[in-house]
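Please build the complete structure, drawing on both the sequences and the hints.
Protein chains: 2
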Amino acid sequence: MADVTSRQASVPPSLPRIVIIGCGFGGLAAAHALKDTPALVTVVDKTNHHLFQPLLYQVATAALAPTDIATATRALLRNHRNTDVLMAEVTGIDPELERITFAHRRSLEYDYLIIATGAAYSFFGNDRFEQYVKVLKTVDDASAIRTHVLGSFEAAEQTMDPEILRRLLTFVIVGSGPTGVELAGAIAELTRTTLACDFRWIRPQDVHIILCESGDRLLAGFDPELSDYAGKALADLGVEIKLKTRVSDIDAATVSFGEERIPSLNVFWCAGTKASPAAQWLAVPAARNGAIQVLEDCSVPGHPNIFAIGDVASYQSTNGKPLPGLAAVAKQHGRYVGRLLDARITSSDPVARSFRYRDYGSLAVIGRSRAVAEIFGHKLKGRLAWVIWSLVHLMLLVDLRSRLSVYLNWTWSWLTYGRGARLLTGTEVKQAVPRFFAGIGSDRNRSRA
Amino acid sequence: MADVTSRQASVPPSLPRIVIIGCGFGGLAAAHALKDTPALVTVVDKTNHHLFQPLLYQVATAALAPTDIATATRALLRNHRNTDVLMAEVTGIDPELERITFAHRRSLEYDYLIIATGAAYSFFGNDRFEQYVKVLKTVDDASAIRTHVLGSFEAAEQTMDPEILRRLLTFVIVGSGPTGVELAGAIAELTRTTLACDFRWIRPQDVHIILCESGDRLLAGFDPELSDYAGKALADLGVEIKLKTRVSDIDAATVSFGEERIPSLNVFWCAGTKASPAAQWLAVPAARNGAIQVLEDCSVPGHPNIFAIGDVASYQSTNGKPLPGLAAVAKQHGRYVGRLLDARITSSDPVARSFRYRDYGSLAVIGRSRAVAEIFGHKLKGRLAWVIWSLVHLMLLVDLRSRLSVYLNWTWSWLTYGRGARLLTGTEVKQAVPRFFAGIGSDRNRSRA
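One line per chain: the protein sequences are A and B, in this order.
According to this note's numbering, the first sequence is numbered sequentially starting from 1.
According to this note's numbering, the second sequence is numbered sequentially starting from 1.
Don't take each hint at face value.
Cross-link-like lysine-lysine pairs, in silico, BS3-like; alpha carbons within 25 Å at most [what the hints assert, rightly or not]:
1) 430(B) with 137(A)
2) 46(A) with 274(A)
3) 430(B) with 274(A)
4) 331(A) with 46(A)
5) 46(A) with 430(B)
6) 331(B) with 35(B)
7) 430(A) with 35(B)
8) 430(A) with 137(B)
9) 242(B) with 274(B)
10) 232(B) with 379(B)
11) 274(B) with 331(B)
12) 232(A) with 244(A)
13) 244(A) with 274(A)
14) 379(B) with 321(B)
15) 232(A) with 242(A)
16) 331(B) with 321(B)
17) 274(B) with 244(B)
18) 35(A) with 46(A)
19) 274(B) with 430(A)
20) 137(B) with 242(B)
21) 430(A) with 430(B)
Hints were generated in silico from the structure; no laboratory data involved.
What follows is the structure in structure tokens.
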């Protein structure tokens with residue numbers, strides 16, 4: 001705390017104020033790049049933690065605990081003497097007054113602004129779907145999916161009614177990007193190993209896992225050969241794959257693909273993205289998904305002191321296509337803009353080169369020993385890709401504690417086929433679980449007696 | 001799954017049906033004792049997990065994750081071939097029909113019933129307090145306290161209003177049993193180490209931790225010498241101790257001790273216990289705290305096939321006092337009743353001896369390197385007691401995975417003074433945090449610019 005006084009004394013109020021909104025991969029990388037910049041940096045986020053989203057599906061399927069992959073933002077930025085962390089929800093930006101407004105506190109002024117607010121899932125105009133499906137973006141989302149999966153099994157164990165069973169144990173995953181594929185694979189493994197040992201009455205054939213995709217192959221961002229492999233590996237795990245299939249309707253207990261109606265209480269939505277509403281805040285042109293169309297240096301057209309990075313930015317790469325919504329893009333954006341501002345403020349190298357994205361490759365995991373990877377142009381699949389996937393993700397986790405904890409959990413699951421984080425907790429339990437249990441009249445346990 | 005068929009075939013329906021309600025320390029011990037009994041055992045619990053409550057205060061103070069100390073009941077009983085697990089909420093028992101009724105499913109019949117439903121906190125007739133305080137019994141309770149502590153700090157960081165600061169950063173713990181003492185100590189350590197490093201504006205003197213106790217000393221279950229030591233150790237950590245002090249009123253932002261009114265949004269209630277309503281279900285005599293007054297063999301008077309164990313039972317020990325509400329009592333009760341039923345069913349030793357409680361001692365921890373212990377009549381305090389406390393708790397955790405995970409987290413915290421589980425998540429955040437942030441007008445971050 002003595003810190004504060006000395007810091008206040010040593011920091012003249014004339015220092016430029018840099019505000020970073022959002023502390024995902026992009027915002028965190030920008031903050032790191034600004035660590036030694038003579039500026040007052042404020043990192044604003046509506047949560048108190050940085051989340052390692054690539055492993056969120058493992059929280060949703062009870063392999064990891066939320067704390068394994070989420071770390072307090074303050075802890076990550078503890079050693080940044082020039083940086084404040086502010087937990088607050090941004091409601092708007094006034095670029096004329098250079099001021100940010102909030103839900104629960106007074107406004108905050110900036111000299112430079114970095115917008116890194118990310119994206120949400122898009123329902124392609126069918127916003128009514130949202131109330132019936134679960135998405136996978138936040139820790140709470142992951143807990144909700146975990147509750148749905150585990151709660152469905154608990155209820156299914158107690159019923160013999162085939163219609164109710166079908167509704168409870170049909171898991172529909174919409175969208176076959178890496179998240180959809182990884183989630184489908186993880187639910188299949190959870191079903192086949194852990195749950196099969198622990199439940200007495202559910203039969204494997206009672207469980208249906210459906211992965212649907214509007215395009216003509218899985219993992220559209222990967223090479224077609226790897227898409228094929230992923231499809232076969234998922235089919236091996238018992239996942240039914242529906243290609244060229246669009247969801248036409250969803251209600252409380254059914255998902256429809258045109259004429260086909262599938263009863264399910266468990267629809268998980270991993271399709272499409274919609275950028276957060278920063279373009280509206282600034283009233284600047286947006287791409288079709290709502291992302292801000294930024295200039296070469298990630299600045300917002302007409303606002304040279306405002307930058308947008310990561311999923312909230314639409315960045316034209318040299319081949320004319322916008323860069324994909326990947327963690328790697330957000331990180332490189334963040335580092336670039338951080339360094340750019342540092343150079344501008346210290347006048348060390350006022351003309352920074354424009355941003356260039358380095359594509360190191362992409363990875364997706366299907367299950368135990370099965371993954372696909374494209375690394376530096378090489379295509380890999382199977383066990384080697386899985387080992388690389390594991391190592392890369394351990395390495396990318398933000399702190400040593402998370403790495404140790406994830407490593408421990410993975411080793412444990414690998415050895416025992418167990419899942420350590422099978423908790424039904426939170427308000428979701430009170431809301432969703434009674435719905436699962438509704439009508440399970442002719443229960444099995446009783447009939448046994 | 002092939003299991004089920006063979007099991008069904010091999011288990012004649014004439015086997016006695018034993019139902020255990022509640023899977024805390026007592027219920028789990030009973031289930032373990034019945035592992036090889038020729039009977040149909042059903043373990044009923046309203047949650048899906050067994051919770052290691054002695055470490056729950058560490059979840060509430062962000063040192064451990066919920067999954068470190070809560071394990072899926074099914075996983076624990078996986079190898080019990082004769083046992084089913086049922087997640088369901090019991091609403092009543094009909095001893096005439098030998099039948100249990102539930103909230104969301106049909107009733108279940110039993111031949112033998114073991115009631116192990118535990119206890120809740122008691123407000124000594126002031127049930128209106130409940131809406132304003134947080135208790136510490138379940139995983140959700142611990143998450144709620146964690147949200148309150150971390151959320152208060154986040155809001156306090158953003159205000160300079162001394163009244164709001166006071167309200168946010170005054171933590172009142174009511175009751176000085178082990179839970180109250182441990183919680184007060186852990187909040188003090190969290191404040192002095194982790195949070196002091198991570199917040200820029202909160203000063204240590206802004207934080208007030210008050211532990212109040214209606215009796216004349218802390219830890220009434222321990223030797224007075226150890227109570228003294230605990231009091232001094234807590235005072236060293238900055239905890240203000242109020243003895244002979246009763247809460248007279250609580251509202252949304254104040255706790256009153258007679259004339260003294262203390263503004264606080266954070267009142268944590270660890271006082272008194274009230275047994276779960278099983279005595280009412282059975283319409284049998286209850287002790288003052290609602291516990292069933294059981295006979296020497298833990299059976300319920302008038303119902304020789306119904307047993308009550310642990311906190312829901314009031315058991316007269318040989319010295320005429322009821323046994324305390326400890327995990328050790330529940331475990332020994334459970335094992336005793338399990339063995340009794342096994343003997344009765346197999347007719348191996350029909351006249352079991354009556355229950356005798358073995359008191360191995362008790363432990364309470366105050367903070368880093370500080371604990372008190374009474375073991376086999378020996379009084380211990382300080383570092384040695386703390387080492388014993390740590391080892392005993394690691395040993396008592398129900399599975400190897402929890403042990404490894406807790407060990408990793410403790411070592412990490414010990415080395416870094418860090419707390420790995422500092423997440424603000426769940427609906428509690430949406431409900432409580434806006435209340436914390438209400439009115440934080442003159443914020444510090446802004447005034448700095």
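Against the earlier hints, flag every one the structure doesn't satisfy and list their numbers going up.
-> Violated hint (a single one): 7; every other hint is consistent with the structure.
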